[in-house]
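*Asks:* For reference, the chains in residue letters:
2 protein chains.
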Amino acid sequence: MNKLKAVANRLMTMDNVHILTHRYPDGDTLGSAYALCSALQQLGKKAKVITSGEPAKKYDFLKKGVKEQDFQREYVVSVDVAASSLLGENEEEYKDIIDICVDHHGTNSIEAKMKYIDASSASAAEIVFELLGLMTGVNLNKHIATCIYTGLSTDTGCFRYTNTTPKTHLIAAKTMAAGAPWEMINAEMFEIMSPARIELQKLVYNTLEITLKGKLALIVVTLDMLKKAGVGDDEVEGLANIPRRVEGVLMGITIREKEDGVFKISVRTNEGVDASSYCQTFGGGGHVAASGCTIEGTLESVKKALIDEAQRIL
Amino acid sequence: MNKLKAVANRLMTMDNVHILTHRYPDGDTLGSAYALCSALQQLGKKAKVITSGEPAKKYDFLKKGVKEQDFQREYVVSVDVAASSLLGENEEEYKDIIDICVDHHGTNSIEAKMKYIDASSASAAEIVFELLGLMTGVNLNKHIATCIYTGLSTDTGCFRYTNTTPKTHLIAAKTMAAGAPWEMINAEMFEIMSPARIELQKLVYNTLEITLKGKLALIVVTLDMLKKAGVGDDEVEGLANIPRRVEGVLMGITIREKEDGVFKISVRTNEGVDASSYCQTFGGGGHVAASGCTIEGTLESVKKALIDEAQRIL
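Here the protein sequences come in this chain order: X and L. With our numbering applied, the first sequence corresponds to residues 1 to 314, in that order. With our numbering applied, the second sequence corresponds to residues 1 to 314, in that order.
Heads up, some of the hints might be wrong.
If chains are identical, the list can't say which one is meant, so a pair holds when it fits in one copy or spans any two.
Stated by the list, open to error - Pairs of lysine to aspartate or glutamate residues, derived as EDC-like cross-links and limited to a Cα-Cα distance of at most 16 Å, are as follows: (1) Lys58 - Glu271; (2) Lys58 - Glu247; (3) Lys57 - Glu247; (4) Lys142 - Glu183; (5) Lys58 - Asp99; (6) Lys227 - Glu199; (7) Lys67 - Asp96; (8) Lys142 - Glu68; (9) Lys174 - Asp99; (10) Lys3 - Asp224.
Source of the hints: derived by calculation from the structure; they are not laboratory data.
Using the sequences and the hints given, assemble the complete structure.
*Replies:* Here it is, written out as C-alpha cells:
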C-alpha cells in the first residue's frame, strides 16, 4: 500500500491530466478512467479521459459525472492498459510520455515514470478505488461509485469469474452504499442485447448439437449467420459459453467461420478435461478450461475432426 | 440484533432438532437449513434437515457436510418458510410444533414459539449467517460457508436482483474467504441447464417477435413445446426475462399456454412503464416492473389483445 500511497501523492501534485484507456474500451478501463477523472476534478484540477476508439453507447452513463474541460495537457495517466500497442490510435502520441500507469495485468509492459501493477486485483477499478481512498479530499460520491462498480462488475462477469476475490465484494458493498445504481449497471452490462445480437443467438441455438453420449456439445457461427442477423464482429462475445452450459457436457466447442474454409475453434471444458492439450492437437493452445485453435477445411470436415479427437479423450 | 441473540441462546439449549425447509426447496431454504444443521452438529448436538419434497440433484453438494443422524425429535426450527402451507407434505406433522422460525419474508405467518423475521435481508441465509456468528463455539468452516454463499447467491440472482444489499456482498466476501467454492456454486445455480431445458430455450427463441417499433417483444411457450423438449413445469423459470433483454424494448411479454385456450401472461417492463396497470386491464396485477394475468382465447386472439393494449400505452 506504500507504493500506492506514493502514486496518490504524485497525483495530488499534478494538474491538467489526460487519462488514457485501452482500445475497444470496456467497463473496467472506462470506469477506472472516469472515476479518476472525477476525483481529480473534485480536487479542482483539470482532467480529461482520452479513449482509444469511441466507447459503445451503453457506457454513456460513465461520462455523465465529469465536466468537459479544455486545457493544455501537462500529465498523462494510463489505466487498465497492459501494453503500448493497446493504446491503439493514441499509441504514437502518448506511448513515451506516460507519467503514471495503473493496471492489474501482470504482463504489463507500458513504459511510464511510475507504475503500479497489482495482478491480484480482479479489475483495475479496484486499484483505482483504493488509490482514491489515499488521496486527501476525494469523496466517494455517487458518480465515482458508479464508475468503480461498473469496472469491477464488468471484469468479473458480475462476480462469477475466477478472478473475483473477497476484496471485489467488499468494494462492491462500499460503492453500493455510496449510491452506485448497480441494478441498472448490471442490466446494461449483462442483460441487454441488440435485436441483431438476439437474432444471432436464435440462429446459434438452432445449431446446438449434443453428441458422444451427452459429453460433447457444439455450436456453429457462420459468416452467413452474422450477415443474416446483421451483427458486427464485436457482438459475438459470450456465445462460446453456451455449449458448456448443457448439463453433463464435459466439453463445449464453438466453431466460428472466419473466412471461407477457415474456422476459429473455442473449446471450454468442465471437470478438469484439458482443453489446452486438446487444442494443441490442432496447433492451438490456452488454458485447461478454455483454449482455442484454428482449423482449415469445410465445416463438415472440421466438425468431424473435432468430434473424432474428442471421442478419443472423453 | 438482541432478538437474534435470544434466538441464538435458545438454539444453544436445544438438542435433537428437526430443521424444515419450504416445498420445492431452493438454494436459500436448503443452504440455510444445512448451514444451521452443520452448526448444531459442530456443537455436538443431533440435527437433521427435513426437506419438503426431494431437492433437485444440483443441490446434492449442500448435504455433504452433515452427518446422517437417527434420533427422537425434540425441537423444530423452520428456515425460509413464509407460511404453514409452504411446508407441503410436512404441514400436518409440524405446523403446530415449530419452536423457532427464521425467515426473511415480511409476510411470514408461521405459528412458532419464537420468530425472527428480517425482511431487509435478501436471503434467509444472511440471517442464518448472523445467527451462527452469535452462537458460541460455531466456526465458519468450509461447509457452512458453502451453504450460506449458495443461499445468498441463489436468492439474489448472483447479486443482480433488487433485494441485493451491501450486507449481501459483505457476507459473500466472508464466506469466500472461508473457502466456499463460489465458482462451482454459481455454475450449478445459474449456468448449467438440462439438455431438455436448452432444447426449450431453442424453441422459445424461435418465437421471439419484436414489434411496435422495437418497443414490445413477445415470446410464446406452448404445451406442445414443453412436450417436444421434454421439460417439466419446474424447468420453465427464467424464460420470462428473455424478451425484456432486447435493447430498446420497453415491455417484454411471455405468453405461456397453461391448458387448451388458457394462457398465463408474464409482463416485464423497463424504464418505468407500468406493468401492473397494464395487467389490470386483463384482470391481473403485480409490481410496476413485473406483473401477470391470465387470458382465455386462442394464441392469436390473446396475442392480438396484448399487442393492441400495449400499443395504446407505449
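*Asks:* Hint by hint, note whether the structure agrees.
*Replies:* Evaluated hints:
1. Lys58 - Glu271: between (35 Å within a copy, 15 Å between copies)
2. Lys58 - Glu247: between (32 Å within a copy, 10 Å between copies)
3. Lys57 - Glu247: between (35 Å within a copy, 11 Å between copies)
4. Lys142 - Glu183: within (14 Å within a copy, 30 Å between copies)
5. Lys58 - Asp99: neither (30 Å within a copy, 51 Å between copies)
6. Lys227 - Glu199: within (11 Å within a copy, 24 Å between copies)
7. Lys67 - Asp96: neither (27 Å within a copy, 63 Å between copies)
8. Lys142 - Glu68: neither (18 Å within a copy, 50 Å between copies)
9. Lys174 - Asp99: Answer is neither: 29 Å inside a copy and 37 Å across each miss the 16 Å cutoff.
10. Lys3 - Asp224: Answer is neither: 52 Å inside a copy and 64 Å across each miss the 16 Å cutoff.
Violated hints, in rising order: 5, 7, 8, 9 and 10; the structure is consistent with all others.
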